[in-house]
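Residue numbers (the working numbering), protein chains in the order written: chain A, 1 to 278; chain B, 1001 to 1284; chain C, 2001 to 2334.
The hints are simulated quantities; they were obtained by calculation from the structure and are not laboratory data. Backbone N, C-alpha and C fix where the C-beta goes; we use that ideal spot for every residue, glycine too. No incorrect hints appear here.
EDC-like cross-link-like pairs, simulated, lysine to aspartate or glutamate; straight-line CA separation at most 20 Å:
{"#": "1", "chain 1": "A", "residue 1": "K117", "chain 2": "B", "residue 2": "D1179"}
{"#": "2", "chain 1": "B", "residue 1": "K1209", "chain 2": "B", "residue 2": "E1270"}
{"#": "3", "chain 1": "B", "residue 1": "K1194", "chain 2": "A", "residue 2": "E124"}
{"#": "4", "chain 1": "B", "residue 1": "K1194", "chain 2": "A", "residue 2": "E134"}
{"#": "5", "chain 1": "C", "residue 1": "K2085", "chain 2": "C", "residue 2": "E2054"}
Derived coverage of chain B by chain A (criterion: at least 3 residues anywhere in the stretch with Cβ under 8 Å from a Cβ of chain A; other residues may be distant):
{"#": "6", "segment": "1180-1186"}
{"#": "7", "segment": "1189-1195"}
{"#": "8", "segment": "1268-1281"}
In case you want the letters, here they are:
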Amino acid sequence: MDPRMKTDSPVAAARAETASPIVIAARKLDLTFQTNDGPVLALRDVNLTVNRGDFVSFIGPSGCGKTTFLRVVGALEHPTGGEITVNGMTPDEARRARAYGYVFQAAGLYPWRTIAKNIKLPLEIMGYSKDDQERQVERVLKLVDLEGFGNKFPWQLSGGMQQRASIARALAFDADILLMDEPFGALDEIVRDHLNEQLLALWARTGKTIGFVTHSIPEAVYLSTRIVVMSPRPGRITDVIESTLPRERPLEIRDTPEFLAIAHRVREGLRAGHAYDE
Amino acid sequence: MNHIFGWSIAFLIFATLLNVAMANGEGRDQAITRLLVPTLFGISLLVFWEGLVRGLNVPGVILPAPTAIWERFLASTSILRQDFIQTFVKGALSGYVMGAAAAFVVALLVDRSDFLRRGLLPVGNFMAALPIIGVAPILVMWFGFDWQSKAAVVVVMVFFPILVNTVEGLRATDRMQRDLMHTYAASYWQSLLKLRLPAAMPFIFNGLKVATTLALIGAIVAEFFGSPIRGMGFRISTEVGRLSLDMVWAEILVAAIAGSAFYGFVAVIERHVTFWHPSQRRGR
Amino acid sequence: MTSELRPDAAPARHPTPAGSRMLPILRSVVPVFVVLAAIAALWYTALVPMNIRESLTQAERAGAVVDPPNAIERRDANAIGLVLKNPAYIADTLRQDRPRLPGPDQVWRELWATTGAMVLEGKGLSKRSLLYHAWVTLSATVLGFAIGTVGGIALAVGIVHSRVMNMAIMPWAIASQTIPILAIAPMIIVVLNSIGVTGLLPKALISAYLCFFPVTVGMVKGLRSPDAMQLDLLHTYGASRAQTFWKLRWPSSMPYFFTSMKIGMAAALVGAIVGEMPTGAVRGLGARLLAGSYYGQTVQIWSALFAAALLAAVLVGIIGALQTVTLKRMGMSQ
Chain A
1 MDPRMKTDSP VAAARAETAS PIVIAARKLD LTFQTNDGPV LALRDVNLTV
51 NRGDFVSFIG PSGCGKTTFL RVVGALEHPT GGEITVNGMT PDEARRARAY
101 GYVFQAAGLY PWRTIAKNIK LPLEIMGYSK DDQERQVERV LKLVDLEGFG
151 NKFPWQLSGG MQQRASIARA LAFDADILLM DEPFGALDEI VRDHLNEQLL
201 ALWARTGKTI GFVTHSIPEA VYLSTRIVVM SPRPGRITDV IESTLPRERP
251 LEIRDTPEFL AIAHRVREGL RAGHAYDE
Chain B
1001 MNHIFGWSIA FLIFATLLNV AMANGEGRDQ AITRLLVPTL FGISLLVFWE
1051 GLVRGLNVPG VILPAPTAIW ERFLASTSIL RQDFIQTFVK GALSGYVMGA
1101 AAAFVVALLV DRSDFLRRGL LPVGNFMAAL PIIGVAPILV MWFGFDWQSK
1151 AAVVVVMVFF PILVNTVEGL RATDRMQRDL MHTYAASYWQ SLLKLRLPAA
1201 MPFIFNGLKV ATTLALIGAI VAEFFGSPIR GMGFRISTEV GRLSLDMVWA
1251 EILVAAIAGS AFYGFVAVIE RHVTFWHPSQ RRGR
Chain C
2001 MTSELRPDAA PARHPTPAGS RMLPILRSVV PVFVVLAAIA ALWYTALVPM
2051 NIRESLTQAE RAGAVVDPPN AIERRDANAI GLVLKNPAYI ADTLRQDRPR
2101 LPGPDQVWRE LWATTGAMVL EGKGLSKRSL LYHAWVTLSA TVLGFAIGTV
2151 GGIALAVGIV HSRVMNMAIM PWAIASQTIP ILAIAPMIIV VLNSIGVTGL
2201 LPKALISAYL CFFPVTVGMV KGLRSPDAMQ LDLLHTYGAS RAQTFWKLRW
2251 PSSMPYFFTS MKIGMAAALV GAIVGEMPTG AVRGLGARLL AGSYYGQTVQ
2301 IWSALFAAAL LAAVLVGIIG ALQTVTLKRM GMSQ
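Work out the full structure: start from the sequences and follow the hints.
Next up, the structure:
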């Protein structure tokens, strides 16, 4: 039995059942952390739907809950109120069905494994055959432009290449959701531009649904079809902006008035959130 | 002042001056200099020792000359080999393997329970700081004079450092790496084998390296409490009693070689296993 | 922006199933207590089969009938089997004069009898008091520790400031840690005795020698711990070597200093105890261990062992407390 059939089937079933384009649906989501300084409202009354093929960015200051929301989608945190479904299932069921790939702030590659073996890691865990593993590694290395680096160790590559390898790792098992938590935050501007461009190309080629957390307004506007503006204390959504930019986006699009208008609206939204704060 | 002693002092001064020149000279960062300087220092100390003993006629019952020790070493290889096998191979090595294996298994068990870990780690740390060598008389009483009691002492001595290091190593993964395994829905054993054990290896080898010296100490000192008529500790204590210090020094030479070879052996394995760790990376 | 809601920002957010509502101090003390209780339980359990043969032999001598009645058969029989066949003698195993394994209560009673009780009688420092022997060992340990630590720090300062010392001595200092130096203890004692040095000093020298190299290596690491940027900063101020040492190197080495001292103290104690063993010494905890093992006085061995453990705990604990206070004052504690 092909393990991929096994892992894909619940997702496919859920997809057929709901027969809707909705991938992530959150309703009245609350999440309160109990800390030593008392309860912290990380998320309050978050309502959001994400459709298949969307590129959704979450932007906001530290503490606004954007990472927390992504972690809830990825079943790394559990909400204390409200409902959330991923592919029509609970996040935890979606996790077990291997519905998403997660890219963290740092590459987090295992230093004792080569790049190729790092990419194989999820495939080994999910029980892919050796041949399938090889095929997938080759495919995703090409996707992120790292052909020929499979036998290198992570610490022999630059930071940007490491982060690309970690994206390749998240793509390797063909989940149709990609969750990215400030994946390019630690990289310099030029590398970041390059990776943004590549990410858009990859998104266009694969048609995946992407959830993307960022601090950077230009990055959010450049990448997204929708931008979710959040603000802290309590963590909540203050604005959802539909991008009017075309799907095809050269880097120069960032100098167009349309781009600047959207960026302006995002900035306004962020300011409004701050005003509440002060 | 005797002229032999004078020459040895002259050599010491000359070697030191040469070392100063080499250490501050052009080629000071070359590998050959790094090897030459400590070697020359060691040789000059030996020459000084020899000159001191010969020049001032220091009696052999206080300090034998290096050449006398070396002669004794060559003349007694069969006794030394017999003692080495008794103490190092039978006592230290077997105890080391058993103690390390036991500590590793216990560490895996402890690691599964947060409660156990919080309870055992302070106790283990405490035990690791105790003069555990003191259990030697008890274990000699229980397991007899032969190597079994020495191996038992070694087991107890190496157990706690390896346990503590392994338990800490198994906790050494960061949150992000564990989250990653979580998003893959990895099982306990999958994340143990693929993530936590490899990440723990630098810690485990730390424990294993510390334990090499402890193993040899344990095996030698335990023989002070009773042993058959062979073994390094037995030989040291009886030859000290007969004031044949050249034999004692020959045993110490064996112990030094065995100790550093044992440590070096573990360090070489470590280099192969943890080649990826920042401390091991040069030249790759 | 005060509270960062990153996953690593706020501690103890996850509801831990066990003990989450306990006080923090209880959270750390209760598990330790449980583990210690488990060890004590294990000890008593092991004690019965360990001592059953002796108990049965004594009972037989006193005229009782035990199963099996033959001493040779008993020697070859399984200890647990003997316990099951003779349950009446289980209590006996707990109170023998020279048990193979004394119980914790026996050790405790012996400890009290040779320390507290003797103090109450005003004989606290008589030769039969364990306090006296502990004092002998303690003084050798502390003297040796002081010599070794001062020497080790001095050598470390030299190594850090002199390139030639670094190149010539450092490899030997590191290599010496892999050598079982303790093996030379008997020789040092005998040789020093033969040239007229006796008493405290030979043992202290062994202790000093044992803690010398660990302290050197640790302190070299500590004195080198300031990074290039910090050293460059003082360089731009035109600071002298002495100023760099006192204002940067020495303070930054403090965490390493205390760690080295703990290792050195533990090593010094082991050195003193082993130094008391080989020459038929009659004073000190090591001598008590050796005498106990000669005469089969197991309770005496165990009590000496516990006294040594207690001594180690106190000495290392004192350094730990100094460490906490100093590092807190210097703002270096986490």
